[in-house]
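Since chain F is already given, all that's left is putting chain L on it; use the hints.
Below, each chain spelled out in residue letters.
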Amino acid sequence: MIPPFNSLEFGIVVAMFAVVTVLGFLATRWKRAASLASIEEWGLGGRRFGTWVTWFLIGGDLYTAYTFVAVPALLFGTGATGFFAVPYTIAVFPIVMFAAARMWSVCHEHGYATAADFVRGRQGSALLALLVAITGIAATIPYIALQLTGIKAVIEVMGIGGDWPLWIAFIALAAYTWTSGLRAPALIAFVKDILIYIMILVAAIYIPYKLGGYDVIFHRTDTALSAKGLSTLLSGSQYLGYSTLALGSALALFLYPHAVTGVLASRDREVVKKNMSLLPAYSLMLGFIALLGYMAIAAHVKPVGGTAKAPDTTTIVPVLFNNQFPHWFAGIAFGAIVIGALVPAAIMGISAANTFARDIWRPYFRPRASDREQGLVSQIVSVILKLGAVGVIVSLKLSFAIEFQLIGGVIVIQILPAVVLGLYTRWYHRWALVAGWVVGMGLSVYMLYVTPSKTAAHFGSASFAFKTWGFDTKMTIWTGLVGLIANLIVATVLTPLLGRLPRGRDETRPADYEAVAAPPIPVGPEHAAGTAGASGD
Amino acid sequence: MSNDTRSRRRHPAVFLLLLLPLVAVLVPEFYNFTSPAIGGMPFFYWYQLAWIGGVAVCTGIVYAATRSAR
Numbered sequence: 001m002i003p004p005f006n007s008l009e010f011g012i013v014v015a016m017f018a019v020v021t022v023l024g025f026l027a028t029r030w031k032r033a034a035s036l037a038s039i040e041e042w043g044l045g046g047r048r049f050g051t052w053v054t055w056f057l058i059g060g061d062l063y064t065a066y067t068f069v070a071v072p073a074l075l076f077g078t079g080a081t082g083f084f085a086v087p088y089t090i091a092v093f094p095i096v097m098f099a100a101a102r103m104w105s106v107c108h109e110h111g112y113a114t115a116a117d118f119v120r121g122r123q124g125s126a127l128l129a130l131l132v133a134i135t136g137i138a139a140t141i142p143y144i145a146l147q148l149t150g151i152k153a154v155i156e157v158m159g160i161g162g163d164w165p166l167w168i169a170f171i172a173l174a175a176y177t178w179t180s181g182l183r184a185p186a187l188i189a190f191v192k193d194i195l196i197y198i199m200i201l202v203a204a205i206y207i208p209y210k211l212g213g214y215d216v217i218f219h220r221t222d223t224a225l226s227a228k229g230l231s232t233l234l235s236g237s238q239y240l241g242y243s244t245l246a247l248g249s250a251l252a253l254f255l256y257p258h259a260v261t262g263v264l265a266s267r268d269r270e271v272v273k274k275n276m277s278l279l280p281a282y283s284l285m286l287g288f289i290a291l292l293g294y295m296a297i298a299a300h301v302k303p304v305g306g307t308a309k310a311p312d313t314t315t316i317v318p319v320l321f322n323n324q325f326p327h328w329f330a331g332i333a334f335g336a337i338v339i340g341a342l343v344p345a346a347i348m349g350i351s352a353a354n355t356f357a358r359d360i361w362r363p364y365f366r367p368r369a370s371d372r373e374q375g376l377v378s379q380i381v382s383v384i385l386k387l388g389a390v391g392v393i394v395s396l397k398l399s400f401a402i403e404f405q406l407i408g409g410v411i412v413i414q415i416l417p418a419v420v421l422g423l424y425t426r427w428y429h430r431w432a433l434v435a436g437w438v439v440g441m442g443l444s445v446y447m448l449y450v451t452p453s454k455t456a457a458h459f460g461s462a463s464f465a466f467k468t469w470g471f472d473t474k475m476t477i478w479t480g481l482v483g484l485i486a487n488l489i490v491a492t493v494l495t496p497l498l499g500r501l502p503r504g505r506d507e508t509r510p511a512d513y514e515a516v517a518a519p520p521i522p523v524g525p526e527h528a529a530g531t532a533g534a535s536g537d
Numbered sequence: 538m539s540n541d542t543r544s545r546r547r548h549p550a551v552f553l554l555l556l557l558p559l560v561a562v563l564v565p566e567f568y569n570f571t572s573p574a575i576g577g578m579p580f581f582y583w584y585q586l587a588w589i590g591g592v593a594v595c596t597g598i599v600y601a602a603t604r605s606a607r
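Just so you know, the sequences run in chain order F and L.
Here the numbering used here is used: the first residue of the first sequence is 1, the next is one more, and so on.
Here the numbering used here is used: the first residue of the second sequence is 538, the next is one more, and so on.
Calculated from the structure, these hints are not laboratory results.
Note that the coordinates shown come from a computational prediction; the quantities given were computed from them, not determined experimentally.
Fair warning: there could be bad hints in the mix.
Chain F stretches covered by chain L per the calculated footprint, using a threshold of three residues with CB under 8 Å from any CB of chain L [unchecked claim]:
#	segment
1	206 to 217
2	273 to 281
Label-pair restraints from in silico Cβ distances [as the list claims (entries may be wrong)]:
#	chain 1	residue 1	chain 2	residue 2	range
3	L	L553	F	T179	44 to 54 Å
4	L	V564	F	P367	49 to 59 Å
5	F	A457	L	L557	35 to 45 Å
6	F	H458	L	A602	46 to 56 Å
7	F	T473	L	L557	29 to 39 Å
In this text, a Cβ means the ideal position worked out from N, Cα and C, and glycines have one as well.
Bound conformation, chain L alone:
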């Protein structure tokens, strides 16, 4: 529906939120360590698992900030 192309609020800063998880998990230099471990799980593992929550939050914020008005 072409009349639905209402301009959406697109702050470039919001889109940096999409970049953040990528950099965080795609650069092993940041997390390829054993310590600090949590509950016996090395940093390498819990850090990456924690970013699953991180990416959900980041994409959630971007979704909320860019959803088209209803």
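Only chain F is shown next, with the shape it has when bound in the complex:
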């Protein structure tokens, strides 16, 4: 059942989209630099974002439109397990606080723009850096495509047929990202997040009020879920799966190139550390967004699209808004979801493109590439990635991309030993880290391959059932964690054995990992750091 087209909703979404498109182009002038033609400026915003910009940028980057539609869809479809997003986004901040600060410092000292840059400098291994780069890009591409599912869910619910809105949205996005680089999503993130905060504040109060309170919501949800053998509490056999999914996702999150970009674009390590106690505000928002899944159950929402066997549950939040809110507010909420897809898609495109330009193009194709050329390559790749993502989404069936996102975390966590251990120790041998990556990645991908879902025989889920290996239990574990443990064991055992092979040259010094920013120096018409009014700090 396709909902009727509503011109008020559509008009509001179009107007909001137009405003952020203009903002995206205006961002070129923000925190102005002499030239944007380098990865340093185009791809990292000159590394001069203060506390608030960084908060909006990383928040807008990590809490994506896909999250807003997928997490409630998960609670809608599976009950309590879907709430893992909350412990996940709690655990991530204490885990990464100091590692991210060290990462910022060493990258700032040596001008590294990506995790792979750091690995090359630290481990002295071109191969390991290449593996890190490829892993990061491979994990990011489907993530960009998935941002489109947020937009797609909204346009379906607004009763618009066809894929043309996706093309328009991403062509505009590609255009202003081309001109403004990371400044565009950083500026748009303000609009996006303020809108999302308003939307969720209203939704978390108004919808329960209309439905009769949280007790009615949970009561109806319990009844509906137990009819399907599910529950609003975990069953004993779900504990391990829940904890490891939360922990593993937390360990993986800041290994994604777009998260690294957000960290490196900040002005100082203290900005990074401070944000680890400010970013949980987004988790609170995510927690209430998650509960929209139960509100949708309680409000008897029927998903739009998909097939009878596998309905497209990503549409439940837009449908819920459409049913519960007046059209003008539903329009604002839809606009917020659309903009919420553009910010992370832009940052992901930039970060994957930076990784390509710095860690594949420069070392393997054009060792003498100038800063300007690297910046240009990054710009071109960023456009290709975005338009490629639309192409993938409109030509392939959607579930394909969702399965890839699922494995994104599983594969990206395999670079943890090379990147994170490298921040603290040089004990590991570069070849042991390479071997660990090979074993961890191989094992993880194999485990994903043998995991079926309801609709597919392979790559069905990132939760691995022990019974696949003959254990008599219903317990599951997050696949990536098993691969990571194998990876760490191999790297640790091989390091002493490989002692006779030459170690790579380490160009970093211990002090680099603690370095703070130099005092602001004048760059162009404005000062480099903290003086631009828009930064608010």
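Same frame as chain F, now just chain L:
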């Protein structure tokens, strides 16, 4: 800037504050209950939501205790 490696006050106890939220939310045995509910929301949900505030406080204290002198 290598001359900026001034020693920071690092009390091991402060770092336990980083462990606390992890243990609190990663062990479902602690919170997989319906009651006590608040405003109709089962313990399982409000407990985890409450720890979002908890983690902000813990990381905030650690940040304050370890920030490099300016």
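Hints versus structure:
Check result for the segment 206 to 217 of chain F against chain L: holds, 5 residues qualifying (beta carbon to beta carbon below 8 Å, three or more required). Coverage of the segment 273 to 281 of chain F by chain L holds [criterion: at least 3 residues with CB-CB distance below 8 Å; count 7]. Checked against the hint of 44 to 54 Å, the C-beta distance between L553/L and T179/F comes to roughly 48 Å, which is consistent with it. Against the hinted window of 49 to 59 Å, the Cβ-Cβ separation of V564/L and P367/F comes to about 50 Å, which satisfies the hint.
Distance hint check: the CB atoms of A457/F and L557/L are about 43 Å apart, consistent with the given range 35 to 45 Å. A hinted range of 46 to 56 Å for the beta carbons of H458/F and A602/L is consistent with their spacing of about 49 Å. The hinted window of 29 to 39 Å between T473/F and L557/L holds, with their beta carbons roughly 30 Å apart.
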